[in-house]
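Participant: Listed below are the residues making up each chain.
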Amino acid sequence: QKEVEQNSGPLSVPEGAIASLNCTYSDRVSQSFFWYRQYSGKSPELIMSIYSNGDKEDGRFTAQLNKASQYVSLLIRDSQPSDSATYLCAVNYGSGGYQKVTFGTGTKLQVIP
Amino acid sequence: KAGVTQTPRYLIKTRGQQVTLSCSPISGHRSVSWYQQTPGQGLQFLFEYFSETQRNKGNFPGRFSGRQFSNSRSEMNVSTLELGDSALYLCASRLDSNNEQFFGPGTRLTVL
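Just so you know, the protein sequences line up as chains A and B, in that order.
At position 91 of the first sequence the residue is numbered 91 (the numbering used here), and the sequence of numbers has no breaks.
At position 70 of the second sequence the residue is numbered 70 (the numbering used here), and the sequence of numbers has no breaks.
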């Protein structure tokens with residue numbers, strides 16, 4: 001059973017719309033959650049991290065975490081063609097010397113001009 | 001502050017050969033993790049090094065090994081290469097007090 005699940009997409013949204021990317025995870029003790037953006041042929045780039053329940057906003061990006069439902073999402077407002085990329089959800093659990101980060105397989109986002 | 005660097009960026013090898021990849025973390029980061037990324041499997045964790053010690057290990061065969069030096073630079077070695085080892089190998093570093101990882105540009109390995 002996969003530990004981090006994402007819909008592979010592609011998710012297509014028109015320019016200016018809100019893109020909603022979702023991720024579920026299986027480990028209830030997970031502590032830290034991350035969203036990475038990966039352009040084709042490039043390495044992942046950290047765009048958001050979230051550690052507690054609720055919303056965290058950074059510019060056009062909002063991360064939402066619901067630990068009870070084991071669900072984390074990323075909203076991108078006013079989507080731009082430059083947002084077209086694969087978005088990876090990453091979940092970290094453990095503490096101190098033993099920590100493991102598991103990545104989802106990513107959701108491909110296409111923003112249509 | 002300079003980011004994570006990886007060398008070489010591209011490699012072409014043949015089956016049976018071995019390869020060594022290098023990673024220099026962000027200054028001050030002592031944790032270095034290695035990942036393999038393929039279209040079918042996504043990002044798979046190989047191992048993590050901290051203060052020259054392997055701290056965590058993923059589910060890869062013993063052909064995959066690594067080490068870390070006193071300056072936190074890390075190398076990854078793959079012996080007896082197989083066609084299935086063709087992938088993008090990514091290195092990521094982080095502060096031990098923070099779980100945010102920062103990736104290097106990767107090394108694209110092609111095994112023929």
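Hints are computed from structural coordinates only; laboratory data are not their basis.
Just so we're clear, the structure is a prediction, and the values are computed from it rather than from any experiment.
Just so you know, even glycine gets a beta-carbon here, dropped at the ideal spot from N, CA and C.
Accuracy of the hints is not assured; some may be wrong.
[Said to hold, decoys possible] Simulated pairs of lysine-lysine, DSBU-like, Cα-Cα distance not exceeding 30 Å:
#  : chain 1 : residue 1 : chain 2 : residue 2
1  : A       : Lys-42    : A       : Lys-56
2  : A       : Lys-100   : A       : Lys-67
3  : A       : Lys-42    : B       : Lys-13
4  : B       : Lys-13    : A       : Lys-56
5  : A       : Lys-42    : A       : Lys-100
6  : A       : Lys-67    : B       : Lys-57
7  : A       : Lys-108   : A       : Lys-56
8  : B       : Lys-13    : B       : Lys-57
9  : A       : Lys-42    : B       : Lys-1
10 : A       : Lys-67    : A       : Lys-108
11 : A       : Lys-56    : A       : Lys-67
12 : A       : Lys-42    : B       : Lys-57
13 : A       : Lys-56    : B       : Lys-1
14 : B       : Lys-1     : B       : Lys-57
15 : A       : Lys-42    : A       : Lys-108
16 : A       : Lys-56    : A       : Lys-100
17 : B       : Lys-13    : A       : Lys-67
18 : B       : Lys-1     : A       : Lys-67
[Unchecked claim] Chain B side only, calculated, beta carbon under 8 Å to chain A, not exhaustive:
#  : residue
19 : Gln-17
20 : Gln-18
21 : Leu-43
22 : Phe-45
23 : Phe-102
24 : Gly-104
25 : Pro-105
26 : Gly-106
27 : Leu-109
Participant: So, for every hint listed, does it hold in this structure?
Facilitator: Outcome of the hint check:
For the hint pairing A:Lys-42 with A:Lys-56, the CA-to-CA distance comes to about 26 Å; that is within 30 Å, so the pair holds. Distance hint between A:Lys-100 and A:Lys-67 is fulfilled; the C-alpha atoms sit about 18 Å from each other, no more than 30 Å. Pair hint A:Lys-42 plus B:Lys-13 holds up; C-alpha atoms about 21 Å apart against a cutoff of 30 Å. A C-alpha spacing of about 45 Å is found between B:Lys-13 and A:Lys-56, which places the hinted pair above 30 Å, so the restraint is violated.
Taking the CA atoms of A:Lys-42 and A:Lys-100, the gap is about 23 Å. The hint holds against a cut of 30 Å. The straight-line distance between the Cα atoms of A:Lys-67 and B:Lys-57 is roughly 26 Å, inside the 30 Å bound, and the hint therefore holds. At most 30 Å may separate the alpha-carbon atoms for a hinted pair to count; A:Lys-108 and A:Lys-56 meet this at roughly 22 Å. Only pairs whose Cα atoms come within 30 Å are accepted, and B:Lys-13 paired with B:Lys-57 is accepted, the gap being roughly 25 Å.
At most 30 Å may separate the alpha-carbon atoms for a hinted pair to count; A:Lys-42 and B:Lys-1 meet this at roughly 20 Å. Of the supplied pair hints, the one linking A:Lys-67 and A:Lys-108 holds, its CA atoms being roughly 24 Å apart against a limit of 30 Å. Of the supplied pair hints, the one linking A:Lys-56 and A:Lys-67 holds, its CA atoms being roughly 14 Å apart against a limit of 30 Å. For the hint linking A:Lys-42 to B:Lys-57, the alpha-carbon distance of about 24 Å falls within 30 Å, and the restraint holds.
Between the alpha carbons of A:Lys-56 and B:Lys-1 the distance comes to roughly 26 Å, so the proposed pair stays at or under 30 Å and holds. Using a Cα cut-off of 30 Å, the hinted pair B:Lys-1 and B:Lys-57 holds, with the two alpha carbons roughly 29 Å apart. A hinted pair counts as satisfied when its Cα atoms are at most 30 Å apart, and A:Lys-42 with A:Lys-108 qualifies at roughly 14 Å. Taken as a hint, the A:Lys-56 and A:Lys-100 pair is honoured in the structure, with Cα atoms around 23 Å apart against an allowance of 30 Å.
Of the supplied pair hints, the one linking B:Lys-13 and A:Lys-67 is violated, its CA atoms being roughly 45 Å apart against a limit of 30 Å. With a CA separation close to 34 Å, the supplied pair B:Lys-1 and A:Lys-67 exceeds the 30 Å bound. With its C-beta approaching chain A no nearer than about 25 Å, B:Gln-17 sits outside the 8 Å limit, and its interface hint is violated. Interface restraint check for B:Gln-18: the shortest CB-CB distance to chain A comes to about 24 Å, outside 8 Å, so the restraint is violated.
Among the interface hints, the one on B:Leu-43 holds; its C-beta lies about 4 Å from the nearest C-beta in chain A, closer than the 8 Å criterion. For B:Phe-45, the interface hint holds, the least distance from its beta-carbon to any beta-carbon of chain A being 7 Å, beneath 8 Å. Residue-level restraint check for B:Phe-102 holds (minimum Cβ-Cβ distance to chain A is 6 Å; threshold 8 Å). At a threshold of 8 Å, the smallest CB-CB gap from B:Gly-104 to chain A is about 6 Å, leaving the interface hint in force.
Interface restraint check for B:Pro-105: the shortest CB-CB distance to chain A comes to about 5 Å, inside 8 Å, so the restraint holds. For B:Gly-106, the interface hint holds, the least distance from its beta-carbon to any beta-carbon of chain A being 5 Å, beneath 8 Å. For B:Leu-109, the interface hint is violated, since its Cβ never comes within 8 Å of a Cβ in chain A; the closest pair sits about 14 Å apart.
Hint compliance for this structure: hints 4, 17, 18, 19, 20 and 27 are not met, and every other hint is.
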